[in-house]
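*Asks:* Top line first, the protein sequences correspond to chains G and S. Residue 2 is where the first sequence starts when you use this note's numbering, and the numbers rise one by one after that. Residue 95 is where the second sequence starts when you use this note's numbering, and the numbers rise one by one after that.
These are computed hints drawn from the structure, not numbers from a lab. Treat the hints with caution; some may be incorrect.
[What the hints assert, rightly or not] Here are the computed distance ranges between Cβ atoms for each label pair:
id : chain 1 : residue 1 : chain 2 : residue 2 : range
1  : S       : Arg-296   : G       : Pro-318   : 43 to 49 Å
2  : S       : Val-303   : G       : Gln-35    : 50 to 56 Å
3  : G       : Phe-142   : S       : Ala-333   : 30 to 36 Å
4  : G       : Gly-289   : S       : His-487   : 51 to 57 Å
5  : S       : Ala-338   : G       : Thr-264   : 56 to 62 Å
6  : G       : Gln-35    : S       : Arg-292   : 44 to 50 Å
7  : S       : Arg-296   : G       : Gly-289   : 35 to 41 Å
8  : S       : Val-303   : G       : Phe-142   : 43 to 49 Å
9  : G       : Pro-318   : S       : Gly-242   : 40 to 46 Å
10 : G       : Gly-296   : S       : Arg-292   : 45 to 51 Å
Cβ atoms here follow ideal geometry from the backbone N, Cα and C, with glycine treated the same way.
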Amino acid sequence: MVVGEVAEGIDLLVVGGGPGGYAAALRAAQLGRQVVLVESDGLAGLGGTCVRVGCIPSKALIELAEVRHRALQFEAAGLCIPSIEVDLARFQAWKGGIVEALSHGVGTLLRHERVRVVAGTATFNKPNRVAVALPDGNVMFFEFRSAIVATGSQPLQLPMLPRDGVRVLDSTDVLALAEVPQSVVVVGAGYIGVELGTALAKLGSRVTIVEALRSVLPWMEPAIGRVLLRSLKRLGIEVFLGAEVVGLGEAGLVVRVGDAERTVDGAVIVVAIGRRPSTHEIGLETTGARLAPDGTVEVDASRLAAPGIAAIGDLTPGPALAHKATAEAGVAAESLSGLHSKFDPLAVPAVVFSDPEVASVGLTEAAARALGMDVAVAQFPLTASGRAATLGAKEGFARLIVDRGEDAVVGAHLVGPLVSELAAEAALAVEMSASPEDVAGTIHPHPTISESLHEAALIFAGRPLHVTAGVGD
Amino acid sequence: MRRDFEVPDIGEGIAEVEIIEWHVSLGDVIEPDQIVATIQTDKAVVEMPTPLGGTVVHLGGGPGELLGVGSVLISVETTDETSGPLAPAGTATSPDGAADVSGKTRVETVSPRDERTAARRVKAAPSVRRLAAEHGVELAAVRATGPGGRVSREDVMEAAAEGGLRGVGAWERARVGPDWPRTDIAEESGADEHVPLRGLRRQIAKTMVESWRNVPHIIDYRDVDASQLVEARQALREAWPNHANALTYVPLFVRATALALRRHPLMNASFDQEASEYVLHRRIHIGIATATSDGLLVPVVRDADRRSILELAVELAQLVELARTRTATLDQLTGGTYTVNNLGSLGTSMGTPIIRPPEVGIAGFGRISDRVVARGGVPVVRPIMTLSSVGDHRLHDGDTLGSFTSTLVRLLEHPYALFADLA
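Whole structure, please, built from the sequences with the hints as guidance.
*Replies:* Below is the structure:
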């Protein structure tokens, strides 16, 4: 029907209300663009995976688990609590309050910048046109001058282990649990699997983690995985590495380790093997944008995928992390608005809220060598840190990767308590091409974990204070 | 010994040049073949080298000043004993120097680099990288003077002043949405900025005032049914997918205009008020109004009536790119007999282009958009384009302009004629 297909002309379209989409909408509005943001869940979906079913609620769950765990740990230090009960139903209400407040805040920011939020599912059907399926069943059409696509990603599923939301869960389901399961098998030892497995173990579940690859956090500096593996075991978590999922049996999850098959029992199975860009079935190819086999969108440094169309966040190559999406959002909004802007970070920091925490910034040692750098490595063990001792840290380290040719810090990898907060300092050092001497010459406050970065830099400077280590290469 | 370097005669009847920018200062020690200044002729920007080596003791003028051919551009104090003014490069001193000063600008090609490797090897703070991106400066090409080999803000600004966006060119521009005008919205500071007219902008201002003051314009507006034109363009793209990007509407406009000019020679003419005559040109050279970051340039397609549409498409794409990167030669920017302006590419539906004297006509092609029109007493939707055909009333009256315009409209509405009529 012709009448129904009359398109409304708009200026700049943003698809997706997550940390990429809403940041893009705000930046574009600041630049004077008239922005329409289409989000499948409307105002209720603002904040996206990160705020609603990712970073924020998982940190809430981790915090609850941590408090329970620490309370029990500190019995020996003199803390006496007769019994600790966990009521996940109440947790859900508390978590819901945090999520709604943040999501509402995003809506307020968008309203202040006069961004129009439309609830609906967008499908591109021409280079400058999108169909939006509204919740009431109607379809409306927009013709846009520019578009920023930020539809995010979804949890990957295993074909032999389809999610049913009862026995087989994905990360979103875990964050919505109403009670602590007695036993859990987590498939995948990436950061989501490690975070959820750790939290559930600290809440009282018996947890088993199975991972197809041979290490925990396989894409990180290998030494970090080794520290975490020991730590997971100390928490009572059983870890099977090199374990291939065969399927679900009566008694539990059947996995193959080497030549032997074995059954890992668990009341629920959590599949956390990664995320897939939500680029299918949104008609992106009709805009001239090209998709790689892994579902990511090919973009240039300005994040442009086709004339007038940008893709950001989990849709583009690189780690699926909220802060990467937010950084790309600004670049995309600026590039489409006549400014010259590039996404060219030296480091997209990654943090894992495991126990102990992990922070990874810039190049790993192997990656730096692969780039032909004259690599030197210095590492400060957290056992030599006073603050780490008071936090009860058993092990951990701060490792700096330095390009000696350029006399610049090119990577930093940390595992230990609170190191997630040190990722930013390390990233600043990498982005500024700081010399190790710059870090060594910066006074770090005592007693903090941040001293570990300082100490690693002092090793480079040839004047280590609390260790006798030398520089490795 | 003091030696002078004079503004060379770079041909094309250029009598004076404008100093855009000095790359050296008084007291600097320069080496032979070093680029000392950016100068501009009527059309082209030229990086000017000198064969002199020594200490700079005199500069011929400040930025914005005009220097006649033969006047002293720069003087240096040398240690050798040779005296007297030095011949310009290209005449004796440097056998290959001629190319450097003949009006062909330094060709700056910037290829899209892998962002990670490019960034990896350049030490620059994020604020400096942002500044570089804003000014279209490739960090890898910037001379770093900061501590530890870092690129500083000053280094970037210096590189921007030397080349900057000129080097980025159409490759990056093409990645911006089709309709969004490139204006620096971020430039919002409180104080007014006084910007001296320089270079191309000054030239455009001069030419346009002359035209507006001296040429009585008459304009014939027509609504053109572009249905077949849209189909023809689509068919061309399908026939030559490799040239799909070059096959815009412009080659079709140029070809139609060239054929119409052939049938109406009075429109392919020059008007000379002082000599009280007009010149009918036998050959048809069509200029294409091209927006660049510095202002409007008009590269010229020679013998446009003897080229096929595909040939035109390919040549136009090259010319426009050269113009946008300010690397077109003087030859490519002069000698037009009529001008075509694709207003529609900017979203304009109907414009009033200004004639470029001594030409006597210019055509503006508006945006093709669906409009409701009557066909056989019934309203139908058709892609319509408004054509603005402009004539110099000193030479043309409504009837001569109108008959040229009618021919042009007929060719645009029935574009198969464009394929048939190849001389």
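*Asks:* Against this structure, judge whether each hint is valid.
*Replies:* We went through each hint and held it up to the structure:
no.: 1; hint: S:Arg-296 - G:Pro-318: 43 to 49 Å; in the structure: holds, 46 Å
no.: 2; hint: S:Val-303 - G:Gln-35: 50 to 56 Å; in the structure: violated, 36 Å
no.: 3; hint: G:Phe-142 - S:Ala-333: 30 to 36 Å; in the structure: holds, 31 Å
no.: 4; hint: G:Gly-289 - S:His-487: 51 to 57 Å; in the structure: violated, 45 Å
no.: 5; hint: S:Ala-338 - G:Thr-264: 56 to 62 Å; in the structure: holds, 58 Å
no.: 6; hint: G:Gln-35 - S:Arg-292: 44 to 50 Å; in the structure: violated, 35 Å
no.: 7; hint: S:Arg-296 - G:Gly-289: 35 to 41 Å; in the structure: holds, 40 Å
no.: 8; hint: S:Val-303 - G:Phe-142: 43 to 49 Å; in the structure: holds, 46 Å
no.: 9; hint: G:Pro-318 - S:Gly-242: 40 to 46 Å; in the structure: violated, 31 Å
no.: 10; hint: G:Gly-296 - S:Arg-292: 45 to 51 Å; in the structure: holds, 50 Å
Of the numbered hints given earlier, the model fails hints 2, 4, 6, 9; all others are met.
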